[in-house]
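> Protein sequence lines, in the order shown, are assigned to chains A and B.
Mind the numbering: the first sequence is residues 1 to 303 in UniProt numbering, read in order.
Mind the numbering: the second sequence is residues 1 to 231 in UniProt numbering, read in order.
FYI, nobody ran anything at the bench for these hints, they're computed from the structure.
Possibly wrong hints are sitting among the right ones.
Cross-link-like lysine-lysine pairs, in silico, DSS-like; alpha carbons within 25 Å at most [stated by the list, open to error]:
1. 92/A <-> 10/B
2. 129/A <-> 10/B
3. 122/A <-> 3/B
4. 122/A <-> 69/A
5. 173/A <-> 135/A
6. 92/A <-> 122/A
7. 129/A <-> 3/B
8. 3/B <-> 173/A
9. 122/A <-> 173/A
10. 10/B <-> 69/A
One side of the interface only, derived from the structure: several residues of chain A facing chain B at Cβ under 8 Å [as the list claims (entries may be wrong)]:
11. 68
12. 70
13. 76
14. 85
15. 94
16. 100
17. 103
18. 108
19. 109
Quick reminder that beta carbons are idealized off the backbone N, C-alpha and C, glycines included.
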Amino acid sequence: MAVIEVTDLRKRYRELTVLDGVSFSVEEGEIFGILGPNGAGKTTAVECVEGLRRPDAGSVRVLGLDPVKDGRELRELIGVQLQHTQLPENIKVWEALDLYASFYARPRDWRRLLEEWGLADKRDARFGKLSGGQKQRLFIALALVGDPRVAFLDELTTGLDPQARRTTWELIKRVRANGVTVVLVSHFMDEVEELCDRVAVFDGGRVVAIDTPDGLIGGGDAEHHMRFTLVSGDLVELGELPGVTAVSRTGNRVVVTGRGDFATTVTASLARHHILVSDLRIDKRTLDDAFVALTGRSFDPTH
Amino acid sequence: MTKLAIVELKLLTREPGAMFSLLIPLFILVVFGSSLEPGDTVLLPMALAIAVGLVGLYLLPTTLATYRERGILRRLSATPVRPANMLVVQLLLQLVLAVVACGLLMTVAGTMLGAHLPSRGLLVAVAFLLGTAAMFAIGLLIAALAPNGRTANGWGVLLYFPMAFLAGLMQPKDQMPVILATVGEYTPLGAFRQSLQDVWAGGAPDPLLLMVLAAYALVISIAAARFFRWE
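Build out the structure end to end from the sequences listed, making use of the hints.
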């Protein structure tokens, strides 16, 4: 069952088109990724879904409700973690959870959330004294304190160190395991690849693809690169081999590009001609490559 | 709403700025009050105006602009609670703070310094409420226009000093040039101080000054509402 249905969403700010006919749907119980570079319209789209922004055109249904008309009712059912939001420096962790719990008609027991999110020993700590990872865990806990059916998490691992990111990922998987549908906005390929069941790839205010991460990586023109260094023997013509699309050579370094099982053919040919190579590596296609294939541009996560 | 008020009250007591708003006017009162003639009617109204001015021009806009800058108002709008509740709670709490500050000043002045306390409570309340409304309106306008908490703080301080000077809070009015003193009487802080002083002197405040205060409160609040952004 689709919990979120977005159809032909449009939004302009003066001359700038932020959303240009965005459509996607999110199924119950999945982690749905919204991926794209900064400025692709990800956050705007999600904020329209949350009811924080009013789209110019298009329709949004969340749990059967209209986020603009039924905003209040909807906000009882969703949990939100927003990008660039903070809490007052001096609020204590338990006070924040207790306060946010009081906003909802049927909240979860925040003491349990404190335990679940590893914040029990930070109960009386002030927000300003928390580490980046602890703040992030508190934000997720605040997004869940209303016992939502859908949780929206926007750029939640930006600014975290690698270990804190890993930990956060495990926690997100736990959220889904508890039956909450998760919409995850991210500009990190690895995060989306690790967590999401399905991904909508945003670029320039449009959805350019919706698929599973594996489907995106395998889909399109799946080209792989094979690299090696010549140790002895002269390189033979590899360009004619089945599946090979390009060969380039810089000194002793050779890069062969191809599709399908071209690597087996290439290594067999090298062996047949007694050519000795070292540092043989085959690059797996990544979501980055998929993005380039979809948009014709490189995806630059460092903005 | 109750919980929001409790939490915000706790945050207010943890805010050093709130302590300053209580202590600065008290400090001025005590320093200048030690040489007070019995039955003085000038110093205490000055201290009260300083206290309300600090809360309205400095603490209120800084708090609200910081809350917007940190996305706290925005985060609230993603919950079933309206962010306007936060605005109401803040206004009430800052009003309570202004009342507490003035209560403290009057207690200290009345008991330790032997200052004159007016007998007509209703007139004091009217002058106090209108003056506070005008100050808070200016604070709200600053909060509406300032891009962040630090700027709001800067604007508050920047506005406070000329206003305090014109209002005769830096030096007694009779030592100011006549033209400045006259103009100053119609500034928000000046009208407030003068109204309080009139009550303290045993009379009723000039209705014109009360109307001036009410007009400031109304017009500036409307402007603040017009320019206020939640994010």
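> With reference to the structure, classify each hint as holding or not holding.
Going through the hints against the structure:
Taking the CA atoms of residue 92/A and residue 10/B, the gap is near 10 Å; set against the 25 Å cutoff, the hint holds. Of the supplied pair hints, the one linking residue 129/A and residue 10/B holds, its CA atoms being roughly 17 Å apart against a limit of 25 Å. Restraint check: the Cα-Cα separation between residue 122/A and residue 3/B comes to about 21 Å, which is no more than 25 Å; the hinted pair holds. Taking the CA atoms of residue 122/A and residue 69/A, the gap is about 39 Å. The hint is violated against a cut of 25 Å.
Simply put, residue 173/A and residue 135/A have alpha-carbon atoms about 19 Å apart, close enough for the 25 Å limit, and the pair holds. Distance check on the hinted pair: residue 92/A and residue 122/A sit about 9 Å apart at the alpha-carbon level, within 25 Å; holds. For a cut-off of 25 Å, the pair hint linking residue 129/A to residue 3/B stands: about 23 Å separates their Cα positions. At most 25 Å may separate the alpha-carbon atoms for a hinted pair to count; residue 3/B and residue 173/A exceed this at roughly 32 Å.
The suggested pairing of residue 122/A with residue 173/A holds, with an alpha-carbon distance near 23 Å, which does not exceed 25 Å. The straight-line distance between the Cα atoms of residue 10/B and residue 69/A is roughly 35 Å, outside the 25 Å bound, and the hint therefore fails. For residue 68/A, the shortest C-beta to C-beta distance to chain B is roughly 13 Å, which exceeds 8 Å, and the interface hint is violated. Proximity of residue 70/A to chain B is violated relative to the hint, the smallest CB-CB distance being about 12 Å (cut-off 8 Å).
With 8 Å as the threshold, the beta carbon of residue 76/A comes within range of chain B, its nearest partner Cβ sitting at about 5 Å, so the hint holds. Proximity of residue 85/A to chain B holds as hinted, the smallest CB-CB distance being about 3 Å (cut-off 8 Å). A hinted interface residue such as residue 94/A counts as satisfied when its beta carbon comes closer than 8 Å to some beta carbon of chain B; here the least separation is about 11 Å, so the hint is violated. Annotation: interface hint on residue 100/A holds; nearest CB of chain B at approximately 7 Å, less than 8 Å.
Interface restraint check: residue 103/A against chain B, minimum CB-CB distance 4 Å, threshold 8 Å, status holds. Annotation: residue 108/A was flagged as interfacial toward chain B, and the flag is violated, the nearest CB pair being 14 Å apart, outside 8 Å. A hinted interface residue such as residue 109/A counts as satisfied when its beta carbon comes closer than 8 Å to some beta carbon of chain B; here the least separation is about 15 Å, so the hint is violated.
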